Amino acid sequence: MSGLQGPDPNERARPQGKRNEQGFRIDPEAAAEPETRRTVISALVENEPGVLAKVSGLFSRRQFNIESLTVGTTEDEELSRITLVVEESDPGIEQVEKQLAKVIPVISVRELADDAVQRELVILKVNGGSQPDKVQAVTEMYDGTTLDAGPRTITVQITGDEQKINDAIDAFRQFGIREIARTGQAALARGERWTAATEGSQATEGAKGTYADDD
Amino acid sequence: MSGDGATPVSPNTETDRGDDAAEHDETDRTEVQTGASAVIRALENAGVRYAFGVQGGAIMPVYDALYDSAIDHITMAHEQGAVHAATAYGTVTGDPGVCMATSGPGATNLVTGIADANMDSEPLLALTGQVPTDFVGNDAFQETDTVGVTRPITKANYFSSSPDTVGGDVSEAFGLAKMGRQGPTLVDLPKDVTQGETDADPGGPTTPGTYNPAEEADQAAVERAAERFAQAERPVILAGGGVMKADACEQLYEFATEFEVPVVTTMPAIGAFPEDHELSLSWAGMHGTGYANMAITMTDCMLAVGTRFDDRLTGGIDTFAPDADIIHADIDPAEISKNVHADYPLVGDAKAVFEQFHAAMPQAPEADEWLEQVAQWKDEYPMDYEMDEDGPIKPQFVVEVVDAATADDTIVTTGVGQHQMWASQYWTYTKPRTWVSSHGLGTMGYGLPAAIGARIAADDDQQVVCFDGDGSFLMTCQELSVAVREELDITVFVLNNAAIGMVRQWQDAFYEQRRMASEYPWMPAFDKLAEAFGARGFRIESYDEVEETVQEALDYEGPSIVDVFIDPEENVYPMVPSGGDNGLFALSEDQL
Ligand SMILES: Cc1ncc(C[n+]2csc(CCOP(=O)(O)OP(=O)(O)O)c2C)c(N)n1
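Protein chains in written order, with full-length UniProt numbering: chain A, 1 to 215; chain B, 1 to 592.
There may be inaccurate statements among the hints.
[Claimed, not checked] The list that follows gives simulated cross-link-like pairs (lysine to any residue, SDA-like), each with its CA atoms no further than 20 Å apart:
1) A:K102 x B:N339
2) A:K54 x B:V111
3) A:K102 x B:K431
4) B:K431 x B:G148
5) A:K102 x B:R151
6) A:K102 x B:G148
7) A:K164 x A:G184
8) A:K164 x A:A137
Simulated from the structure, these hints should not be mistaken for lab results.
As the structure is a computational prediction, the values presented were derived from the model and not from experiment.
Next up, chain B with everything else stripped away, as it sits in the complex:
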């Protein structure tokens, strides 16, 4: 499909991760003899070093071609684990993670993870086996219409039709996953196509001629917007995941600090601006900080960059930043005015837009009063929790202890639920690409496979921890076998409340405490489960064990699971109920 007008994308050779594997020379590359070897060659040409997957009939030719390749394959326990690991790899490195699965159940097991990556605009390439072309449409063994199933959840997907073009399909899918607004792509590989003969080198990653994301925003529009922003009395920057994706965190920092503008992030952008900086208000939305929610509600001019104004951020649209002129910069024109009308639309890459905007600012906004107000909100609504030394352990405390015991660049992955919110609220993120979580789809089970992908992507001396819920952990805990086999140094803290706590919290607040199907009357012993897998298992049942056991688990070089018995009644606040008014966030249940 890489037809005329295709644009080459530079392969991932610029790596500062201090390793040499991206610089395979020509002799390390697979010789193209079949469609399958063309697929592998396309990955090599793109600088791919790792693939996560599970074998199976229809994908066997591709695995066979992988046999001689320098690409490392990490065999996962379940395809969902493979796709989450690959997605997290993409989050940490910025380059598409690659996952592989066979046809039918292998491909359908990827679906949740592809949808997850799509919602969070994560760069991901999925390769799926397919029954031979002649069998397609006949309901053959392990046949699923993978392209049909994944059409609404991929940025682009391909059904490969010939050995001569299959490598080009992979190069284009890789290029599209990485370029512009990032996202998941998929190439479906019929077995006859991968087995067929070809000698066509697919070349490096490309994007089709019909795909031309803007780099810089329209200069006149930037100048108008900057003029407005400079006049703001209550300015705020809302940094979204696009800032991270565009590697624009430095530009954000320079802009915010030079013009003294408070910075609020969305959840996917946690870490895009150092949370220990006085201009940081941490993140806004349903469980964001009180001060962030006050700031985005009271602002008169918001510079929103790389965010899609998700409903968990905006609450009800009617009450979202209702006094503000909105300057919205995004690389995807379809995001502009989709959910919130943009008074100043800017289409461009976040890095370029920040640079243009910075240069176009006539002066800093005169906002001393506002800065004082914001500082006052920070004092008024501190993130805090009650602690009784003899009572059950508060999860927030555990998060703080682990944060204190680890280095600043430690990567945190999570499942989905209350634990995810505590991990985002009580850990102070100061570095980009250290927060790895499932936002838009909210996929329980993300944490452990994501920790595996993040571990493989991270620098050797970088620590990787996962905060998981007991419910989320049970959804993908089989991937522990992979962490043990691959000797991956990760530490998983299961914040065990013997419940799917977030659901229990909603039942208590909105369903008259009718706790239907949310409490687990019996839980496996996660420490013993860890040992059965060959990992180290720990258990924490009281406050006096927390610090020591956390340290011991972190010190262990290999995968460890810490089963932390937390207060089963603890809830996540502040909270803006679904569709609510951010400025009316509740600090406790009786304020809902």
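Next comes chain A alone, as it looks inside the complex:
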């Protein structure tokens, strides 16, 4: 038995408000589900062993919803750019950016605007050996390239934004798709705007992960 004294829980003063799952104060009557959106985040990182493992480990550990992740070298051989497509609520997107920025070899992180230039590449192998002309026609329709043609299979490459890639894949289904390899989205900010960049290439506000909006 505990000797603690005091008014019962039901005799105590009570607050008026309520928060939602994400810790926002809300109207207690209207607990709405957070809406998610799809967006592209770009990170510039130092090229060192383990950096990709750090980044991908972070996403699995924090249960971020990542649709694609690409990584490749940049104009500076010591740096790589990671492009992520995420589907998250606004606070979730903010967390992705901040957690990424915390990884020590990450130099800068930025969410790209909707008009960012985005491209993905897919390599498709279809059972089109018997009707090469039709395969060729579909390939041309999507500005694709034939990479390999044999008696039984034809392999083509299509590049474009995600919508175009999905449409192309649908169009090739008629031939029977044997295998697909997709790269995921690579993206850069449009026009003169900077994607996630180094200090030398844009005015930064000093702290890692923040940047002057130079639009």
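Given the coordinates of chain A, assemble chain B with the ligand onto it according to the supplied hints.
This is chain B with the ligand only, laid out in the frame that chain A set:
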């Protein structure tokens, strides 16, 4: 890795602990001839005085380099003991504690402690041996992917690749452990790298150019937040562990007392504000005081500094401070709005932010009614327990007796469980860095090795006591051999309820008293166990023995264990069940 743009971190030369060892002159320093001596030199350059560890094949070159160094090595019985001791050393001093282990099992034995330090943002540097580079990936003898295993539980970790850069890796790992939001770092040291020749002096601690934690918060944001706080009718300060880590306790005190704002702490911040002050509401959360939980529930504006809004503090997010505008200051931007949305985010060091905030306050909040309300809650929900002189001993009483018998600056370490909660609830903490416990990870077995680390870190005239549970003590009691060998004056009170009591309490409350695997039908005699190790052993079985035996144990200069037979049915209250509403804390089981 300390490449271009690295920022030097001042070594630990500013010590007011009244000793001279941090000021080794150049001649005391190791001459760099190999990767291993570069590692030791990096530690010396950082002002490191102690390392806790266990030897083994892959780390032998590093130990060999330690042979000639002025750094004291404390050989622990188990690597878990080494990492906990080093972590506690960091808690008490504010400087990274250093632990060392060999590859494979040595490194994996560190894992629990590294995860513990990571959860509590404790400064820690772990050095692990690794098989030679050519063997890596071949499943060689005692090979583990230590960098892979510890990646999610370190602030940064390094696989050293060359004798010329290994010292720099250690300097950077040390710098990162200490700077910004503190945390554990690890450097994995392949044997060929530590054995290889080099003469590269690693220099002092650095941080990489990509790491730029903010010092001051944005001034305009501070002013907006201060404007809001000054308008508060029911203001409260929630001080988190970051206040302690930033050595901002004085600034907290000045702010709270000048503007008359009640102070609630989180568990890691116990001692950041004197608990005997009338503005102190002690700590909030699952087993926090009723008045702290009322205050953080009813507030209309909370100034939260250096806290990550852990779920044991917030209870269910839906009911956490639901009427409050939240001003959240933290050095880690990722903590802002992670768990609780911040209406006024401030990114900066707690000390700087308090100073800025203090200066920006247009006036004190007009909160007389609130202060009266808070005082009334303190009267209504006193921390108390029932005592029957003929009955079994109440653990709370033991905590109070030890508190009364020791000086204000006494350091308390704990294991994890009910005893930890009683030690936090019934001891009045008035000084920073005197509460040393495992919070975020809740690691049983923390208490004894932490007492060893704290003893080594503490001033000579400062007392160190540990409140342990019988279950927690059994997890790391081998470290008693170290306390005896090193002649460390620590007193461990095992609050013995012959059970893993916290689990038993939950079973009684939430599992219809089905006490599965929580009661110990047989317990070793801890006093005799102490004697077998060469420590002093005491036993307390009734109330009339408590005061005298406590005094005797405290007076003994060396390690002693006091086996205290407490009421096995005693429970920890108040209690907010997991995910519950802080304002509805239960005072007894029937209120759950
Ligand atoms: C390493 C570890 N294993 C298991 C647990 C789960 N656990 C939390 S409290 C507790 C009971 C602790 O028992 P004891 O040390 O005797 O302390 P008491 O609660 O009886 O005071 C247990 C098993 C834990 N926190 N840590």
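Results for each hint:
1. A:K102 x B:N339: Holds. K102 (chain A) to N339 (chain B) sits at ~17 Å (cutoff 20 Å).
2. A:K54 x B:V111: With a Cα-Cα distance of about 17 Å, the restraint between K54 (chain A) and V111 (chain B) holds, given a limit of 20 Å.
3. A:K102 x B:K431: Roughly 32 Å separates the two Cα atoms, so the pair is violated.
4. B:K431 x B:G148: violated (39 Å)
5. A:K102 x B:R151: holds (13 Å)
6. A:K102 x B:G148: holds (18 Å)
7. A:K164 x A:G184: holds (13 Å)
8. A:K164 x A:A137: Holds, at roughly 16 Å.
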